[in-house]
Amino acid sequence: MNCEFIEQNINELCDQTAIGQEISAEQQKQALEHIETCQHCKIAMAEHQEYLLTMRQFTAPNLEAGVSAKLLRNAKSQPAPQHHNFGFMKGFIAASVFFVALFSAWQFNHSDTAAIPQLVSSEGFSTEVTLVIYVPEDMPNADLKITLPDNVQLAGLNDLDSFSWPVDLKQGANTLSLPIEVAAGMDLNKALSFMANINYKNKQKDFELKVNLITPQVQTQSSVNSATLHSTTV
Amino acid sequence: MNQVLSFFIKSGNKHAFEATLAPHMDALFKVAYQYTGQKSDAEDLIQDLLIDLYADQAKLNQVKTLKPWLMRCLYNKFIDQCRRDKKQKMNDSLEQSNIENLTARQHHHDESVMHQQVLIGLQTLSHNQRAIVSLHDIEGYSLVELSQIMDKPVGTLKSDLHRARTKLKNYLKLQPSDVAIRQCQ
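Chains A and B, in that order, are what the protein sequence lines are. Reminder that position 139 of the first sequence reads as 139 in the working numbering, one-by-one numbering, no gaps. Reminder that position 56 of the second sequence reads as 1056 in the working numbering, one-by-one numbering, no gaps.
Calculated directly from the structure, the hints in this document are not laboratory data. Treat the hints with caution; some may be incorrect.
What the hints assert, rightly or not - Have a look at the derived ranges for each label pair, beta carbon to beta carbon:
#1 Q57(A) x S1126(B): 20 to 26 Å
#2 P179(A) x H1024(B): 57 to 63 Å
#3 S1159(B) x L160(A): 44 to 50 Å
What the hints assert, rightly or not - When the alpha-carbon atoms are kept at most 25 Å apart in a straight line, the in silico DSS-like pairs for lysine-lysine are as follows:
#4 K70(A) x K1077(B)
#5 K70(A) x K1039(B)
#6 K203(A) x K1152(B)
#7 K29(A) x K1158(B)
#8 K1067(B) x K70(A)
#9 K1152(B) x K1167(B)
#10 K1173(B) x K76(A)
#11 K201(A) x K1152(B)
#12 K1169(B) x K201(A)
#13 K1030(B) x K76(A)
#14 K1173(B) x K42(A)
#15 K201(A) x K1077(B)
#16 K42(A) x K1158(B)
#17 K76(A) x K1039(B)
#18 K1039(B) x K1064(B)
#19 K1030(B) x K1158(B)
#20 K1169(B) x K42(A)
#21 K203(A) x K1158(B)
#22 K1167(B) x K42(A)
Glycine is no exception: its CB is placed at the ideal position from the N, C-alpha and C atoms.
All chains, full assembly: derive it from the sequences and hints.
Okay, structure coming up:
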């Protein structure tokens, strides 16, 4: 038996219910014998017992008369709290609405050409899409996963269908630029569908990012306004 | 008819909410007071907790052992509040004048001084340590019960408790133990 054992098990030695469970009766007997002969442990034991007594004697004040009823009454008249999940959903709803507005505006500006199939030439082409993701709060170290649509590859990484990486999303708009390669034969009148997933604090959200592309040739002919719109997704 | 029935159901729920929680209000307040160190902050903490509980009554009604569950909710609410309030106004504003005026109770003077020492000592601990000491050493919860309330392993709680006690003991040791010494000052 030594001072270290006493220091580590001082609570168990003071707690009769711990004898036989945390420490054995034999250990307790040896410990008490040690305490009798060791001045350091004797003082430590006395201090611990005094501490426990002090804490047990501490009494917090009672609730004043009527306060309990008032608190319960107030709880019922307050609006329900807004949870994080709800805010998270609201952010994505806002993002969807924003996208729909942009997408509709682009369609309106190009309604005369929308019905004509516009196929990518046999060479394909490279471009850059900008994804704008709105989030309702800061989301540091969130995991963002993007799954690419068919006939689209990430420039320089041709064998990847999907990829994920940690991102620090800030409250409001977050723009992410992706260099992509579009394969030949795609109909540019159909929006590309990028599937995205955000994992933040073990909460996941799947959403779809639709992107309308135009070929570099058309891009040079288009106005500055439409060029800005086509690259903005969500 | 349906409207009449729904009125009675809602009315019944409201009464059930009060009837369910009223027996635990004092216990919740005492622990909230130990967490926050101030009566008004304890009441605010309880109020926030009750608003959450009222919003999710279905969950409340499913709980079998209510008191430990409420203690867990209170602990989570306290930690959330501490994280949200990064300035930790609870610590900073803990001045002698803000503490319950227990010294006014002259006939319990030594008890009052000890009360204040413990209360201020608790504020020197981290939020987590304060919760462990409050629930274990003052309220008498076992480490196993604390493990359920605070969602931490018993071993972690044991070492946290050891560190908290060492800090609190050192603080209390520095205080004059003889009440007469204080009265002379």
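25 Å limit on alpha-carbon distance, applied to hinted pair K1030(B) and K76(A)
Judged against 25 Å, a Cα distance of about 22 Å means the pair holds.
Taken at face value, is the distance from the CA of K1152(B) to the CA of K203(A) at most 25 Å?
OK: K203(A) and K1152(B) at ~21 Å, within 25 Å.
Proposed proximity, K76(A) with K1173(B) (alpha carbon, max 25 Å):
Violated: K1173(B) and K76(A) sit about 45 Å apart, past 25 Å.
Using the C-beta atoms of Q57(A) and S1126(B), is the stated range 20 to 26 Å upheld?
Taking Cβ atoms as reference, Q57(A) and S1126(B) lie about 24 Å apart, which means the hint holds.
Checking one constraint from the list: CA of K76(A) to CA of K1039(B), max 25 Å. Satisfied?
Holds. K76(A) to K1039(B) sits at ~22 Å (cutoff 25 Å).
Note whether the CB distance of S1159(B) and L160(A) lies within 44 to 50 Å or breaks it.
holds (45 Å)
Is the Cα-Cα distance between K201(A) and K1152(B) 25 Å or less?
holds (18 Å)
Can the restraint linking K42(A) and K1158(B) be considered satisfied, given a maximum Cα separation of 25 Å?
Holds: K42(A) and K1158(B) sit about 22 Å apart, inside 25 Å.
Given pair status - K1158(B), K1030(B), alpha carbons within 25 Å
Holds. K1030(B) to K1158(B) sits at ~23 Å (cutoff 25 Å).
Would the pair K29(A) and K1158(B) pass a check requiring their Cα atoms to be no farther apart than 25 Å?
Status holds; Cα separation ~23 Å.
With a cut-off of 25 Å on the C-alpha distance, tell me whether K1167(B) and K42(A) pass.
holds (20 Å)
Pairwise hint evaluation, K1158(B) against K203(A), where the allowed Cα distance is 25 Å at most:
violated (31 Å)
This entry does not satisfy hints 10, 12, 18, 21, going by the numbered hints stated previously.
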